[in-house]
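The task is simple: from the sequences and hints, build the whole structure.
Chains as they are written, first to last, in numbering that gives the first Met the number 0: chain A, 0 to 554; chain B, 0 to 235; chain C, 0 to 373.
Hints listed in this document are in silico derivations from the structure and should not be mistaken for laboratory results. Honestly, I wouldn't trust all of these hints.
[As the list claims (entries may be wrong)] Below are the DSS-like pairs computed for lysine-lysine, each with C-alpha atoms no more than 25 Å apart in a straight line:
| no. | chain 1 | residue 1 | chain 2 | residue 2 |
| --- | --- | --- | --- | --- |
| 1 | B | Lys192 | B | Lys94 |
| 2 | C | Lys111 | A | Lys243 |
| 3 | C | Lys91 | C | Lys138 |
| 4 | C | Lys138 | C | Lys172 |
| 5 | A | Lys243 | B | Lys155 |
| 6 | B | Lys140 | A | Lys243 |
| 7 | C | Lys197 | C | Lys111 |
| 8 | B | Lys125 | B | Lys155 |
| 9 | A | Lys348 | C | Lys53 |
| 10 | C | Lys111 | C | Lys138 |
| 11 | B | Lys140 | B | Lys155 |
| 12 | B | Lys123 | B | Lys94 |
All figures in this text were calculated on a predicted structure; none of them were measured in a lab.
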Amino acid sequence: MEIAAKNIDAHVEEEESVNYLNATHTVKSWLLTLDHKRIGILYLLSISVFFLIGGIYASLIRLELVTPRGDLLTPETYNRVFTMHGVIMIFFFLIPSIPATLGNFLLPLMLGAKDVAFPRLNLLSWYIFMIGGIMMMYTLLSGGIDTGWTFYPPYSSIYSNSQVTLAGISIFITGFSSILTGLNFMVTIHTMRAPGQTWFRLPLFVWGMYATSLIQILGTPVIAITVLALAFERTLQIGIFDPKLGGDPILFQHMFWFYSHPAVYIMVLPGMGVISEIIASMTRKAIFGYHFVAFSSLAIAVFGFLVWGHHMFTSSQSMYAGMVFSLISFAVAIPSAIKVFNWVATIYKGSVSYDTPMIYALAFLGLFMVGGMTGLFLAALGLDIHLHDTYFVVAHFHYVMVGGQVIAYLGGLHFWWPKMTGRMYSETWGRISAVIIFLGFNLTFFPQFVLGYLGMPRRYHAYVPEFQFLHVLSSAGASVLALGFFVPAIYLTWSLFYGKKATANPWQAYGLEWQTPSPPPTENFTYDPVVTHEAYDFDSVKEISDARAKVAVTA
Amino acid sequence: MSEHAEHVPGLAHHFATMEQQKEAGTVGMWVFLVTELMFFGGLFLVYTIFRSTYPEGFEYGSFLLSVPLGLTNTVVLILSSLTMAMGVHSAQTGKQGALQFYLVVTLLLCLAFLGIKSIEYTTKVKDHLFPAYTTYNPVTKEADPTNTHAVPTKIKSEVRTFLWIYFLMTGLHAFHMIVGAGMLVALIWMARKGRFNEHYNSPIEIGGLYWHFVDIVWIFLFPLLYLSGYHLNSGH
Amino acid sequence: MNPVFLQADFQLNPTQASSFAAEIDLFYYALWTLTIVFTIGVAAAAGYLMMRYKRRSMGDLPEHIHGSLILELSWSIIPFILALGIFAWGAKLYYQLYTAPVDALEIYVTGKQWMWRAQHQNGVREINELHIPINRAVKMTMTSEDVLHSYFIPAFRTKADVVPGRYTMTWFKPTQTGTFHLFCSEYCGTQHSGMIGKVYVMEQEDYQKWLTAGGGLTYGMTPAKSGEKLATTLGCAACHKADGNGRGPSWVGIYNTPQKLTNGTTVVADDAFIRESVLHPRAKVLAGYDTLMATYQGQVSEEQILDLIAYIKSLSKGDATQSEPAVLGTAAGLSSVAPTATPAAALATPVGTEPAAKPAVTAPAKPMVKPVVK
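Structure follows, in structure tokens:
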């Protein structure tokens, strides 16, 4: 990045001055803000609340499963608890997690833009999200839903005595928030790049977000129309999904997974983007094989649309369809493997920092490997017959969703925390909690692989006594994990008030977002950014800091 | 860039140039249309599957729809696409009066479409063809063998499935028309205030894209829904 | 808490009680080996590199490395080849799991919130239990009366969803006597976790004894008998005359044989076809017949349809029943997914009036005590 000395001069002076956080103070200025950074913060607060609610449900599940007899909750309650856990965590936490918080905050900064392409639409997305979220909370208070987050008919369309229609409508509404965010980001990446910020100079996080947006745009409308049709099926018996009326319940599964499998990549591609940024900055090296990592994101997004049938190997779809879906599922594993190998290769001959974000990145590598490799078990046809709908599946997707996305989200939150808030958190506590989360997570979910293979089916409220030992281990791990999630909540909040003030670039990282004060001013940059170097060119960071040092000396 | 940008009328603060703003709007609308395509795509999939499962139900169901009204609506929509295109052209060449004229004509054609659609819907409800359980009670062949539009009792429920798909697809399309009418009203209002000229007319262009998309959806809906049972006219 | 984990017999896999179990376990452990090798490999490499290249000072500026095409290609192609290998092994097992041997013992199962009903060929029915002989292939034809269920026997490593509106199938060959778990593994509502049962694998002669004694429950009539009675009650024979001169095709000898349809295609008159013909008579009409038959949807239960099928089957005993292994998945569908959804009209499935072949075993009306199997 080439920045004229006078610009550096300007922002050194302005570091303590007006920024996006203290520019205005009223509640109204936050609720009507068009600033992508403030909208990112609004999302951060809302999804944290949803994460807490989803987490409480998770705790109830683990508490219930300590004993085999199902003596804590009634079956009706338990079924609602695991459904609400899934629905809230997926639609209201994981899908918006990185895109809507870090994505909103960082994307324009990384591109060198003043805002996303459509700031009003961006605020509208948040309001739509909140309307959907509040409706879901109302659903929860008025009895919840007991269909599982997959809403399979005919149970959901006739037999369930819970608020399926209401839940369907809130997911329908929330879907539009996701679509509009994806649309906004895609247009922003296409049209709002600063001069010189070419496609192959983009940070890999932006590539990840681009691939994510693609899925949000192509997939989400399909789930929207599917849940809408389900709501009609339930209220008006339209006869599309209900076999008694001439409909086809398997059709629902096809339409549901056509979105919901790619949605898994909405939940992990942004995480991969975050890991690329962290590893590059924490090793001070360009990501090894930049083009391969960038294109693997797109490959995952595209192939991700062709593998939905691997959720239906036992559902009576034809054997040959199963084989095709299985083969493509194996193909989609390759781009993920490419990413992992390139990340490891990046560390080679780097200058590796052990700061908290790097600890999270390392945890991500290990957990994502296990999550990804166990995906191969499930994509393997003959083996999936046994593993389908058991705890093995539960363990697998938690390794990908929590071990992948949540860990990456926490890593990213720590990495950009100084930029977002202008404060440093306690590095010691950061590392301690990362380790607690890593250990607690493995203790919670590793036993579930064994449980699954032994035959413990999903969504069981009571189970046969021989599974108890592993369930107790898992519940014990869950309490460690819960502790691990509380610690960052405490020290991050603490840092807001007592944390050391952050400099513009506390990690000596590369990227446009580090070339503006922390927290950034409302207009993002005090100068017009022009990009002249490829991504992760740390030599240019040195040039800039040298220039800055010179300015300081002359001053 | 901020200082000089502020002075260009119609340029939002976060864009550097008019070209960038226009490009963002156009790309945005295209991306939105892709989303819309997937949205309708779900219903087209449902249509395809049930048409191949219940071919007879779809034939008889289709025969219940009014081809003259559907055809009129098709013509109305194609005309409205033409007037919309003329409107975009007028905006680009800076002809204020012509722009307003074409937009108003497009709006009138849109309302005509919705009017005809509502006549069709009311007729269906009156004929007990709205497929909710409480309202669905078509004339059966057994009850009235001379009625060409009577449905054989055996496929009553298949016809019902067809009618649901008809109402869902055309309902979703009509919803888009209503949104389009709102959009046209806003564009007419802006045009009357003289917002558009040779240099700034992207809302009109983007609105035009949306309008053509909605028309194209209908071009697919009309033959799939109205014409697949047309051959029953010549007896069955 | 029972410290099973500390006991010597704690296992990481369920008992291997079917012909599939050993190979599936081998596959499973092979994949774990691969997973551990890759995960430890990646973690060790990352850990070593982190220590080796630990940052010395804030001013460190490592050399710029772009990447390496050779490395990229090798770590794309080698995993891809491995993945293809895993695919092939999985697909092979899947094919086996989907291809029942011709001489398999056939059992019909209906799932219902929240119980499993199994019906043996001689009319013995049982609820939430399944008694089967050792070393004999068993083919389960299943459907649901209400919502989705899934028939899962971990010890056999088999599972198949049970779907309302269509037949699904699974098969296995038990290789060990004993009692095994039966679980419903597709979420089906409030008592989903209560929809469990036991599978009893017995020695051949014990099974025969159990079967002849009528199992635990009996309705005193074989499915074929019940089907015959039902066909009379419903008046099927009025059209489906045995001599083939009725308004509907004769049922005699029709089971599992190819039949020409009005639209020129050919269909095998298997279970799924018969079921469809009862419920949606116009979907596929045999050539030479008219679309006269009305649907029996709502008039017959899934179990009664199974009885009718057993009856029609009994009219063809001796020939045609499975001359080649049935590929289960494709036979199962009745709509979009499977390629059976040919547009056409109806069949009228015929009833023969001849009291044809009698089922081999007639169950006595008297219930008796279940044999206890360990």
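Going down the list of hints, with the structure as the test:
{"no.": "1", "hint": "B:Lys192 with B:Lys94", "in the structure": "13 Å, holds"}
{"no.": "2", "hint": "C:Lys111 with A:Lys243", "in the structure": "14 Å, holds"}
{"no.": "3", "hint": "C:Lys91 with C:Lys138", "in the structure": "19 Å, holds"}
{"no.": "4", "hint": "C:Lys138 with C:Lys172", "in the structure": "9 Å, holds"}
{"no.": "5", "hint": "A:Lys243 with B:Lys155", "in the structure": "14 Å, holds"}
{"no.": "6", "hint": "B:Lys140 with A:Lys243", "in the structure": "24 Å, holds"}
{"no.": "7", "hint": "C:Lys197 with C:Lys111", "in the structure": "16 Å, holds"}
{"no.": "8", "hint": "B:Lys125 with B:Lys155", "in the structure": "17 Å, holds"}
{"no.": "9", "hint": "A:Lys348 with C:Lys53", "in the structure": "9 Å, holds"}
{"no.": "10", "hint": "C:Lys111 with C:Lys138", "in the structure": "20 Å, holds"}
{"no.": "11", "hint": "B:Lys140 with B:Lys155", "in the structure": "10 Å, holds"}
{"no.": "12", "hint": "B:Lys123 with B:Lys94", "in the structure": "44 Å, violated"}
Of the hints listed earlier, the one the structure fails to meet is number 12.
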